[in-house]
Amino acid sequence: MSRRGVARALHLFLDAYLDELASLTPRDVAAPSLFYGRGGIGHALLRAGTLRGDRALIVAARRWADAGLRGRASPKGSYGLGVAGLHALRAQIAVALGESPDADVARFLTASRRARGSADLFRGRAGRLAGAAILARIAPSAELLAHGRTLAARTLATRLRSRGLAHGRDGLALAALAWERAVPSLPHAALAAAVRACSPGAVRHFDWAAGHAGSATLHARAYEVLGDPQLLARAREAAARAYAATPPNNPVLWNGTAGIAYALLALARIDPAGPWRDLVWNVAAVMLDAVDILHRDPHSLCVGLAGPFCLALDLAHDADAGFPGVEA
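Here my numbering is used: the first residue of the sequence shown is 1, the next is one more, and so on.
Warning: the hint list may mix true and false statements.
Computed beta-carbon distance windows for the label pairs [stated by the list, open to error]:
| id | residue 1 | residue 2 | range |
| --- | --- | --- | --- |
| 1 | Leu24 | Arg196 | 40 to 46 Å |
| 2 | Glu237 | Ala157 | 25 to 31 Å |
| 3 | Arg161 | Leu12 | 42 to 48 Å |
| 4 | Asp28 | Arg55 | 20 to 26 Å |
| 5 | Ser199 | Asp289 | 32 to 38 Å |
Hints listed in this document are in silico derivations from the structure and should not be mistaken for laboratory results.
Ideal Cβ positions, reconstructed from N, Cα and C, are used throughout, including at glycine.
All chains, please: the whole structure from these sequences, using the hints.
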């Protein structure tokens, strides 16, 4: 398919999926969370409303975020699975509507401070740090910045044996880099050490959550912050491996083609002379061929159509919004 043909197909998908979301009610989506349920739909609608300049879509996003907060999100303090992420989403929506986000930021902080358990990006401390970084860019306050610095220091000091962005030490490093990009305050030597512990050579999967696409994203963001040419070389290597393994029948973010596309976009940002943006459009064509085959969690941000919808929006509007739910 030509690039023009892919662009036409993206717009058709966007319109069709917005029609699908307009017909849904919160009762149709059992999970409340940002990563897997109503909050993810809210995130997708917020991105659509922002890029299209459509206030009605942003208002609809708030209805979905509120519906998520009425559900039983667990663990409650989790950013991706609990109420912390839903409060952060609501703060983003308030900013987009020109309203004060202060109450929602305060609720995010309360949920984050009360959280216990894992350190990882998927459900733990690193996820809350990523959320704090998003809020710090749009609604900074002394209280939020102090909390984010505490989370960042603890995240940098944590050592995980497992690999990957979702559950391993790669995700801790990515969250720390997200904070540094938003609020420069961390020692670069410690950031560099955290990234060095995430060598792409040991990665065996292709995807964003646990594989080459995630490694490419991590090393691209590290190169942006640290400027080490070796990081750029690692990012290029991992991105090439992810692209070579593009699956034909899995369009989703965390373990499919949409996640690979976001990794390639991260490379295009730091290596504009490379082939990465053209490769993104090739991956998008593969993604569009598979968007009608999902059966489980069909509207999830992580493993449903809300993720590919966000990628389609970003490509259609030539936006550099960042990975949905984690960087934006």
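Hint check results:
1. Leu24 with Arg196: 40 to 46 Å: 45 Å, holds
2. Glu237 with Ala157: 25 to 31 Å: Check passed, 28 Å falls within 25 to 31 Å.
3. Arg161 with Leu12: 42 to 48 Å: 45 Å, holds
4. Asp28 with Arg55: 20 to 26 Å: Holds - the Cβ-Cβ distance for Asp28 and Arg55, about 24 Å, lies within 20 to 26 Å.
5. Ser199 with Asp289: 32 to 38 Å: 33 Å, holds
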